[in-house]
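A.B. asks: One-letter residues, chain by chain:
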Amino acid sequence: MSPAMATDGPALAELLLQRLERAGGGGLGSLEAAAALGLEHQQLVGAVKSLQALGEVIEAEQRSSKRWELTPEGKEIVQEGSHEARVFDSIPAEGLPQSELMKLPSGKVGFSKAMSSKWVRLDKNADGGPRVFRAVESVQDSVREKLQLVQQGEAESLEEKDRNELKKRKLLMEVIIKTYWIRKGSAFSTTVTRQETDLTPEMLASGSWRDLKFKPYNFEALGIMPESGHLHPLLKVRTQFRQIFLEMGFTEMPTNNFIESSFWNFDALFQPQQHPARDQHDTFFLQDPAEATDFPMDYLKRVKKIHSQGGYGSQGYKYDWKLEEARKNLLRTHTTAVSARMLYRLAQQEKFTPAKYFSIDRVFRNETLDATHLAEFHQIEGVVADYGLTLGDLMGTLREFFTKLGISQLRFKPAYNPYTEPSMEVFSYHRGLQKWVEVGNSGIFRPEMLLPMGLPEGVSVIAWGLSLERPTMIKYGINNIRELVGHKVNLQMVYDGPLCRLDA
Amino acid sequence: MRNVTVAQASDMPTVSVKRELLFQALGRRYTDEEVDELCFEFGLELDEITSEKDIISKEQGDGKAEGASDIILYKIDVPANRYDLLCLEGLVRGLQVFKERIKAPRYKRIMPANGGVQRLIITEETAQVRPHVVAAVLRNITFSKDRYDSFIDLQEKLHQNICRKRALVAIGTHDLDTISGPFTYTARPPSEIRFKPLNQSKEYTASEIMDLYRTDSQLKHYLHIIENKPLYPVIYDSNGVVLSMPPIINGDHTKISLNTRNVFVECTATDITKAKIVLDILVTMFSEYCEKQFTVEAAEVTYHNGKTCIYPELAYRREKVKPDLINKKIGISETPSSLAKLLTRMCLKSHVTGNGNNIEIEIPPTRADIIHACDIIEDAAIAYGYNNIQMTIPKTYTIANQFPLNKLTELLRQDLAAAGFTEALTFALCSQEDIADKLGVDISSTKAVHIANPKTAEFQVARTSLLPGLLKTIAANRKMPLPLKLFEISDIVVKDSTKDVGARNQRNLCAIYYNKNPGFEVIHGLLDRVMQLLAVPPSKESGYLIKAAEDSAFFPGRCAEILAKGQSIGKLGVLHPDVITKFELTMPCSALEINIEPFL
Numbered sequence: 001m002s003p004a005m006a007t008d009g010p011a012l013a014e015l016l017l018q019r020l021e022r023a024g025g026g027g028l029g030s031l032e033a034a035a036a037l038g039l040e041h042q043q044l045v046g047a048v049k050s051l052q053a054l055g056e057v058i059e060a061e062q063r064s065s066k067r068w069e070l071t072p073e074g075k076e077i078v079q080e081g082s083h084e085a086r087v088f089d090s091i092p093a094e095g096l097p098q099s100e101l102m103k104l105p106s107g108k109v110g111f112s113k114a115m116s117s118k119w120v121r122l123d124k125n126a127d128g129g130p131r132v133f134r135a136v137e138s139v140q141d142s143v144r145e146k147l148q149l150v151q152q153g154e155a156e157s158l159e160e161k162d163r164n165e166l167k168k169r170k171l172l173m174e175v176i177i178k179t180y181w182i183r184k185g186s187a188f189s190t191t192v193t194r195q196e197t198d199l200t201p202e203m204l205a206s207g208s209w210r211d212l213k214f215k216p217y218n219f220e221a222l223g224i225m226p227e228s229g230h231l232h233p234l235l236k237v238r239t240q241f242r243q244i245f246l247e248m249g250f251t252e253m254p255t256n257n258f259i260e261s262s263f264w265n266f267d268a269l270f271q272p273q274q275h276p277a278r279d280q281h282d283t284f285f286l287q288d289p290a291e292a293t294d295f296p297m298d299y300l301k302r303v304k305k306i307h308s309q310g311g312y313g314s315q316g317y318k319y320d321w322k323l324e325e326a327r328k329n330l331l332r333t334h335t336t337a338v339s340a341r342m343l344y345r346l347a348q349q350e351k352f353t354p355a356k357y358f359s360i361d362r363v364f365r366n367e368t369l370d371a372t373h374l375a376e377f378h379q380i381e382g383v384v385a386d387y388g389l390t391l392g393d394l395m396g397t398l399r400e401f402f403t404k405l406g407i408s409q410l411r412f413k414p415a416y417n418p419y420t421e422p423s424m425e426v427f428s429y430h431r432g433l434q435k436w437v438e439v440g441n442s443g444i445f446r447p448e449m450l451l452p453m454g455l456p457e458g459v460s461v462i463a464w465g466l467s468l469e470r471p472t473m474i475k476y477g478i479n480n481i482r483e484l485v486g487h488k489v490n491l492q493m494v495y496d497g498p499l500c501r502l503d504a
Numbered sequence: 001m002r003n004v005t006v007a008q009a010s011d012m013p014t015v016s017v018k019r020e021l022l023f024q025a026l027g028r029r030y031t032d033e034e035v036d037e038l039c040f041e042f043g044l045e046l047d048e049i050t051s052e053k054d055i056i057s058k059e060q061g062d063g064k065a066e067g068a069s070d071i072i073l074y075k076i077d078v079p080a081n082r083y084d085l086l087c088l089e090g091l092v093r094g095l096q097v098f099k100e101r102i103k104a105p106r107y108k109r110i111m112p113a114n115g116g117v118q119r120l121i122i123t124e125e126t127a128q129v130r131p132h133v134v135a136a137v138l139r140n141i142t143f144s145k146d147r148y149d150s151f152i153d154l155q156e157k158l159h160q161n162i163c164r165k166r167a168l169v170a171i172g173t174h175d176l177d178t179i180s181g182p183f184t185y186t187a188r189p190p191s192e193i194r195f196k197p198l199n200q201s202k203e204y205t206a207s208e209i210m211d212l213y214r215t216d217s218q219l220k221h222y223l224h225i226i227e228n229k230p231l232y233p234v235i236y237d238s239n240g241v242v243l244s245m246p247p248i249i250n251g252d253h254t255k256i257s258l259n260t261r262n263v264f265v266e267c268t269a270t271d272i273t274k275a276k277i278v279l280d281i282l283v284t285m286f287s288e289y290c291e292k293q294f295t296v297e298a299a300e301v302t303y304h305n306g307k308t309c310i311y312p313e314l315a316y317r318r319e320k321v322k323p324d325l326i327n328k329k330i331g332i333s334e335t336p337s338s339l340a341k342l343l344t345r346m347c348l349k350s351h352v353t354g355n356g357n358n359i360e361i362e363i364p365p366t367r368a369d370i371i372h373a374c375d376i377i378e379d380a381a382i383a384y385g386y387n388n389i390q391m392t393i394p395k396t397y398t399i400a401n402q403f404p405l406n407k408l409t410e411l412l413r414q415d416l417a418a419a420g421f422t423e424a425l426t427f428a429l430c431s432q433e434d435i436a437d438k439l440g441v442d443i444s445s446t447k448a449v450h451i452a453n454p455k456t457a458e459f460q461v462a463r464t465s466l467l468p469g470l471l472k473t474i475a476a477n478r479k480m481p482l483p484l485k486l487f488e489i490s491d492i493v494v495k496d497s498t499k500d501v502g503a504r505n506q507r508n509l510c511a512i513y514y515n516k517n518p519g520f521e522v523i524h525g526l527l528d529r530v531m532q533l534l535a536v537p538p539s540k541e542s543g544y545l546i547k548a549a550e551d552s553a554f555f556p557g558r559c560a561e562i563l564a565k566g567q568s569i570g571k572l573g574v575l576h577p578d579v580i581t582k583f584e585l586t587m588p589c590s591a592l593e594i595n596i597e598p599f600l
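For the record, the sequence lines run as chains V and E. Using UniProt numbering, you'd call the opening residue of the first sequence number 1 and step up by one each time. Using UniProt numbering, you'd call the opening residue of the second sequence number 1 and step up by one each time.
Hint data in this document are derived by calculation from the structure and do not stem from the laboratory. Positions of the beta carbon are idealized from the N, C-alpha and C atoms, including for glycine. Misleading hints may appear alongside valid ones.
Unchecked claim - Here are some chain E residues the structure puts well away from chain V; computed CB gaps all over 12 Å: (1) R19; (2) L219; (3) E378.
Stated by the list, open to error - Straight line, CA to CA, 27 Å or less: simulated DSSO-like cross-link-like pairs of lysine-lysine: (4) K435(V) <-> K75(E); (5) K455(E) <-> K318(V); (6) K571(E) <-> K301(V); (7) K304(V) <-> K571(E); (8) K479(E) <-> K455(E); (9) K582(E) <-> K455(E).
To be verified - A partial selection of chain V residues facing chain E, derived with a Cβ cut-off under 10 Å: (10) Q280; (11) S408; (12) L433; (13) S460.
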């Protein structure tokens, strides 16, 4: 153990400070300081770091320098002499059989080197086999001498070709070491005071905190996360959408009925019974309970008539409308089924009053699944019913709604929906994708849907919808819907999720 | 294309047109951006710019695409009700009229000069299988390769869309010069029908034809339409030549080619309205290439009861709409004559009548989608330009209300998260196994609703408990540090004969604690907290209490029933090791599930 190792941390730091005091304003290098104090460089670096932690006591600038060091083999040579010298020394005057020489630890390397330096000679015809003799009286072990210079830190005094030769023989190596250039800091002092880690109740009671020095905090480290529960990202977005609708005066519809009859899901919406959406491939039908039993029969008759014969100024679809088809139970394919129930209920009021409705709830589609489509998703829907609403009113309402989502650039494309006319798809300009993307679908409900319900002729109902998942995936940069919805969710993502601020 | 929106978008049909042909027909060139813009304005969507080579290499790999055409194709999405835009001919006509470069053509049905109208007789037997047929003749038509391809392609598009995969309507087109009328549309036992089907080298009976096409990637989808019927529909000419066996296949004898000059078109159907529309669309589109452009030769169909109809109908219907109504519905204030002009640009030839307070609109046979004034109003709005309409905010004044059950749910969610539990969002549909076998109960003892047509076991039933979803969530997150504390407040579905549809939702709250120890006290504590939040005290009389219960999902002796508001609202306890194992979990686990609806 070197004597310096006995010096404890603070004492060592103070030694360094005293040395720095003597060095004056220019400062000193850590390598030189370590050599002068007889310390390993690493120990000195430790002292520098502990002084740095005290604040402005010292300034330490990191530098890197190259240094030549001996390899373990090089160190051995400094101790024992070069292999060739050891070979030379081991040969007595009467010589040594080559076979014996080769058994020596330095035998093989030493022999060839000694031969090429002409220190020894080989008599192949000697009795008892080839024999090695000294060829000179004495030798100068220059390899050892050069390595000794390196050990003393004077590698620079060697010629470059010598250094390279020794490096090639793997006796020397060049290492890069991180050193410090140390100067006095603004709070320089040659003594080190012990620092307190943190305030304690005792310090507060005694008032000793006034005289104590406190260890600085490392503000670059992260804190400890509080233990807490977390809300699901999609449902955080749902909360915001609810908030937006409520801010706009929309009343929430009771959408807690996943099972719906084809009547309310399709027929009431003037969606013909042969429509592809009513196909087994698109919709989940129920086996049990397979059929709905109870309908408002007067209204149902009017629905039947509008489909099969027309009326209310409509040609109708002119096909054989079947009650069996309307009875079929299914998992609702859109929340518009609930809107239809609500509008029917509204129409049953003695006097019509304007209404604004919204809902955000699950809908189901028996479709092919992929990275952005699941068999169930959440539909957001808004509906306004009043006298004299225009297409301009629908667009204006959509503009206000999307502005609250932080979407300002909108454009409308003509579209086709079976139960709205006019219909418009809503596009917004996506800066990231640099293109217009569809953000919703909208329209004015067809008279063939509203008039059979009993709503007054002049009443228009504007409506729009979008999915909850799509804006959420865009918002949180999620590409695979399964990472967001369902049991395969990544809980870490839920833990780490930010607040949902749609307009931020 | 499958956008998740208000409408349940059955896939919009996509029409592929060659870019060069489109520009040629439009009489000028456009940049791709201009085409995109024009489509958008007109209600179409330029979905993709590609080539046959691109398509093949995308679907089958680069190797297969070698030698395929690299002519640029536009794939354009067309609204599902615009059958008049399903081919290049219709698209170009629509756009040219829209841009006021041409006037909409007037389609005319003509009777052959010499009185030799083609006749088609329907026999009684067809009533059982496919009772209707309509027909027409495209006289002196000139095909080219591109026209011919478009003709075939339009039939396919119509088959896939309005014809509902040939179930409602099936189209057959024949070289009239290879056959001689009158034709008979009848139905016969499959063993008695025998002919050489299109592109086959020998004759087969109808039964053999069905077997032949059982593995045909395209035709196999149509076999079911007639397969189990005792009689198959078939059309013969006066010499007994088979024209077609709808809706499966035509005969080879009447096959049309590029050299065909006279085409006999027949559409057999179960829905006569749709058959008429399909025939009108097909003949209006391709009469463009007849010697007498936009004229179609009539055919006469005679029903077995003697009733006779002349097709195609090519009916022009007149509607009157008040300009004021159009303006009010859209939110614009255009003059009647300007509105009439807008409509005329949409192929709805219109003029102002009376003293300017009415517009008379003529609906051409190509626009079967116009069934109400609102459809006319939409066209006026499209021609005006949706994006030119002034946006306004309705004056509708309403007071908003939350749905009480959702309001309670929102409040509880916040506080459950505050209590250290993390919210899960699991599927409402699952397998029978999830809600029955894995929880140690028989499916028949659950009140689950069953789905008739699930594509996979994942969608067999609607969940009757939130627990399986939470357990699966934990199974998918086993690598996460313990403990895992999850909750969900959402709907389950149970059969209920008092409801119109025979089922109802129920809002449940479920929570789960997963750790190296069962943590019953944690879940019990959560119940106490939930009750505290609901202001229900622990009390036998007017509050809540738990009492020992048995449940196959829970470890015996470690399960209790929760009673509140005078009823059982759920259970809590340590899960049964069998349940834990069946959900592929390895740690003890306790759970709680209650119905929150009694607390409204």
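A.B. asks: Each hint should be assessed against the structure and marked as holding or not.
C.D. replies: Verification of the supplied hints:
1. Under the 12 Å C-beta cut-off, the non-interface status given to R19(E) relative to chain V holds; the minimum distance is some 20 Å.
2. Every CB of chain V is more than 12 Å from the CB of L219(E) (nearest about 18 Å), matching its label as outside the interface.
3. At the 12 Å boundary, the C-beta of E378(E) falls inside the reach of chain V, the nearest C-beta of that chain being 4 Å off.
4. Among the hinted pairs, K435(V) with K75(E) is consistent with the structure: their alpha-carbon atoms are about 18 Å apart, no more than 27 Å.
5. A C-alpha spacing of about 33 Å is found between K455(E) and K318(V), which places the hinted pair above 27 Å, so the restraint is violated.
6. With a CA separation close to 46 Å, the supplied pair K571(E) and K301(V) exceeds the 27 Å bound.
7. Between K304(V) and K571(E) the CA atoms are separated by roughly 47 Å; this puts the pair beyond 27 Å, and the hint is violated.
8. Between K479(E) and K455(E), the direct Cα distance comes to roughly 31 Å. Violation of the 27 Å bound is thereby established for this hinted pair.
9. Proximity of K582(E) to K455(E) is assessed by CA-CA distance (about 23 Å); at most 27 Å being required, the pair is judged to hold.
10. The beta carbon of Q280(V) is positioned within 10 Å of a beta carbon in chain E (closest approach about 5 Å), and the interface hint is therefore held.
11. With a cut of 10 Å, the hint placing S408(V) at the interface with chain E is violated, because the nearest CB-to-CB distance is about 12 Å.
12. A distance limit of 10 Å between C-beta atoms decides the matter here; for L433(V) the minimum to chain E is near 15 Å, and the interface restraint is violated.
13. Hint status for S460(V) relative to chain E: holds, with the closest Cβ pair at about 7 Å, below 10 Å.
When held up to the earlier numbered hints, the structure conflicts with 3, 5, 6, 7, 8, 11 and 12 and fits the remainder.
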